[in-house]
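Line order of the protein sequences matches chains A and B.
Numbering of the first sequence is given in our numbering, commencing with residue 1 and proceeding in unit increments.
Numbering of the second sequence is given in our numbering, commencing with residue 1 and proceeding in unit increments.
Simulated from the structure, these hints should not be mistaken for lab results.
Cβ coordinates follow ideal geometry from the N, Cα and C atoms, glycine included.
Among the hints, a few may not be true.
[To be verified] If you want a taste of the chain A side facing chain B, the calculated C-beta under 8 Å gives, among others:
(1) GLY28
(2) MET40
(3) GLY42
(4) LEU45
(5) PRO61
(6) PHE65
(7) SER95
(8) THR102
(9) GLN103
(10) GLY108
[Unchecked claim] Derived CB-CB ranges, DEER-like:
(11) B:GLU38 x A:MET40: 16 to 24 Å
(12) A:PRO54 x B:PRO111: 42 to 50 Å
(13) A:ARG22 x B:ALA77: 35 to 43 Å
(14) A:GLU62 x B:PRO111: 16 to 24 Å
(15) B:ALA77 x A:GLN17: 44 to 52 Å
(16) A:ARG64 x B:PHE9: 30 to 38 Å
(17) A:THR76 x B:LYS68: 15 to 23 Å
(18) B:THR81 x A:LYS68: 38 to 46 Å
(19) B:PRO39 x A:LYS78: 40 to 48 Å
(20) A:MET40 x B:PRO111: 27 to 35 Å
(21) A:LEU114 x B:SER28: 42 to 50 Å
(22) A:ARG64 x B:SER28: 28 to 36 Å
(23) A:GLU62 x B:ARG60: 24 to 32 Å
(24) B:ARG13 x A:ARG22: 30 to 38 Å
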Amino acid sequence: DAGVIQSPRHEVTEMGQEVTLRCKPISGHDYLFWYRQTMMRGLELLIYFNNNVPIDDSGMPEDRFSAKMPNASFSTLKIQPSEPRDSAVYFCASSLGDREETQYFGPGTRLLVL
Amino acid sequence: GEDVEQSLFLSVREGDSSVINCTYTDSSSTYLYWYKQEPGAGLQLLTYIFSNMDMKQDQRLTVLLNKKDKHLSLRIADTQTGDSAIYFCAESNPNTDKLIFGTGTRLQVFP
Numbered sequence: 001d002a003g004v005i006q007s008p009r010h011e012v013t014e015m016g017q018e019v020t021l022r023c024k025p026i027s028g029h030d031y032l033f034w035y036r037q038t039m040m041r042g043l044e045l046l047i048y049f050n051n052n053v054p055i056d057d058s059g060m061p062e063d064r065f066s067a068k069m070p071n072a073s074f075s076t077l078k079i080q081p082s083e084p085r086d087s088a089v090y091f092c093a094s095s096l097g098d099r100e101e102t103q104y105f106g107p108g109t110r111l112l113v114l
Numbered sequence: 001g002e003d004v005e006q007s008l009f010l011s012v013r014e015g016d017s018s019v020i021n022c023t024y025t026d027s028s029s030t031y032l033y034w035y036k037q038e039p040g041a042g043l044q045l046l047t048y049i050f051s052n053m054d055m056k057q058d059q060r061l062t063v064l065l066n067k068k069d070k071h072l073s074l075r076i077a078d079t080q081t082g083d084s085a086i087y088f089c090a091e092s093n094p095n096t097d098k099l100i101f102g103t104g105t106r107l108q109v110f111p
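Can you build the whole structure from these sequences, using the hints too?
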C-alpha cells in the first residue's frame, strides 16, 4: 500500500481565499483523523471519522473549518475564508480501529496564508 | 483527564544512549506508542508496547513501561546523528479509538 496520501504538499494562499486539503487513507482503514501542527500549539486533533461519519469535531477551531468524507477513500478539510493564523502543517492519519488504534500519518500539507 | 507529558528537549553526544521519558494519565490505555518526526516530514510510527508488557526491544530501541507510575520511556542505544528528530509519546483511548499525543521531545545529537 502507498500509505496515507495527502495533497497538495505545499499551499501558499492569500488571506480570504478558500483552501481545500485532501487525504486518501490506507485502504481498509475505518478511521481517518485530521491534525494541525504549529510551533505554538503542537499537534492538535481537529476531527476524526469512523466509517465516513464524523465522530468528534470538537477540535475544529471555528466555523471557517469544515471536513467531509464522502467515501472510504477520500476526505477533505476546507478552510473558508483562510486567515494568516491558519498557517500550519496539516496531517491526515488513518487507522484500522476496532481496538487497533495504531495511526499511520501522511506526509502533511504545509499551508502558508499570507 | 487525558494528558501526556514529555520534556521538550534532549541533547546527546553521538554514540551515547538517549532516554526519552513520558508520563500519561489514562490507566485504561491499551497501547502506548512512540512516533518519530524528522524535519519537514510526517509522524512515523517507531514502536509500540501493549499495556500488559513491561519492556519491548527492537534493535537499538528499548521501550520500558511502568504501569504503576504511568511512565513510559524510549531508550536509543548508540545514538546517531540520523536519530535527531522530534519524538512523540502517545497513549490510546480504547473508548474513542483516539490517540492522545504528548508535546514531543526534540532530540539533538551532536558529534
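Status of the hints after comparison with the structure:
Annotation: interface hint on GLY28 of chain A violated; nearest CB of chain B at approximately 15 Å, more than 8 Å. Because the closest C-beta pair between MET40 of chain A and chain B is about 11 Å apart, greater than 8 Å, the hint is violated. Taken as an interface hint, GLY42 of chain A checks out: its beta carbon lies about 5 Å from the nearest beta carbon of chain B, inside 8 Å. Hint status for LEU45 of chain A relative to chain B: holds, with the closest Cβ pair at about 7 Å, below 8 Å.
The interface hint given for PRO61 of chain A is broken, as the beta carbon of that residue sits about 17 Å from the closest beta carbon of chain B, more than 8 Å. Annotation: interface hint on PHE65 of chain A violated; nearest CB of chain B at approximately 18 Å, more than 8 Å. Interface hint status for SER95 of chain A: upheld, as the beta-carbon distance to the closest one in chain B is roughly 7 Å, under 8 Å. Against a cut-off of 8 Å between C-beta atoms, the interface hint on THR102 of chain A holds, since the closest Cβ of chain B lies about 6 Å away.
A cut of 8 Å between beta carbons decides the hint on GLN103 of chain A: the least distance to chain B is about 6 Å, and the hint holds. With its C-beta approaching chain B no nearer than about 5 Å, GLY108 of chain A sits inside the 8 Å limit, and its interface hint holds. The beta-carbon spacing between GLU38 of chain B and MET40 of chain A, approximately 21 Å, falls within the hinted interval of 16 to 24 Å. Range check, PRO54 of chain A to PRO111 of chain B: Cβ separation about 48 Å, and the 42 to 50 Å hint holds.
Our hint of 35 to 43 Å for ARG22 of chain A and ALA77 of chain B holds, since their Cβ atoms are close to 40 Å apart. Restraint check, GLU62 of chain A to PRO111 of chain B: a C-beta distance of roughly 46 Å breaks the suggested window 16 to 24 Å. ALA77 of chain B and GLN17 of chain A have their C-beta atoms about 49 Å apart, which keeps the hinted 44 to 52 Å range intact. Checked against the hint of 30 to 38 Å, the pair ARG64 of chain A and PHE9 of chain B passes, with Cβ atoms roughly 34 Å apart.
The beta-carbon spacing between THR76 of chain A and LYS68 of chain B, approximately 44 Å, falls outside the hinted interval of 15 to 23 Å. At about 42 Å, the beta-carbon gap between THR81 of chain B and LYS68 of chain A stays in the expected band of 38 to 46 Å. A beta carbon spacing of about 28 Å between PRO39 of chain B and LYS78 of chain A contradicts the range 40 to 48 Å that was offered as a hint. Checked against the hint of 27 to 35 Å, the pair MET40 of chain A and PRO111 of chain B passes, with Cβ atoms roughly 31 Å apart.
Checked against the hint of 42 to 50 Å, the pair LEU114 of chain A and SER28 of chain B passes, with Cβ atoms roughly 45 Å apart. Between ARG64 of chain A and SER28 of chain B the Cβ separation comes to about 35 Å, which falls inside the hinted range of 28 to 36 Å. Roughly 44 Å separates the CB atoms of GLU62 of chain A and ARG60 of chain B, a value that falls outside the hinted 24 to 32 Å. The hint said 30 to 38 Å for the Cβ distance between ARG13 of chain B and ARG22 of chain A, and at roughly 43 Å that hint is violated.
The structure fails to meet hints 1, 2, 5, 6, 14, 17, 19, 23 and 24 from the earlier list, while all remaining hints are met.
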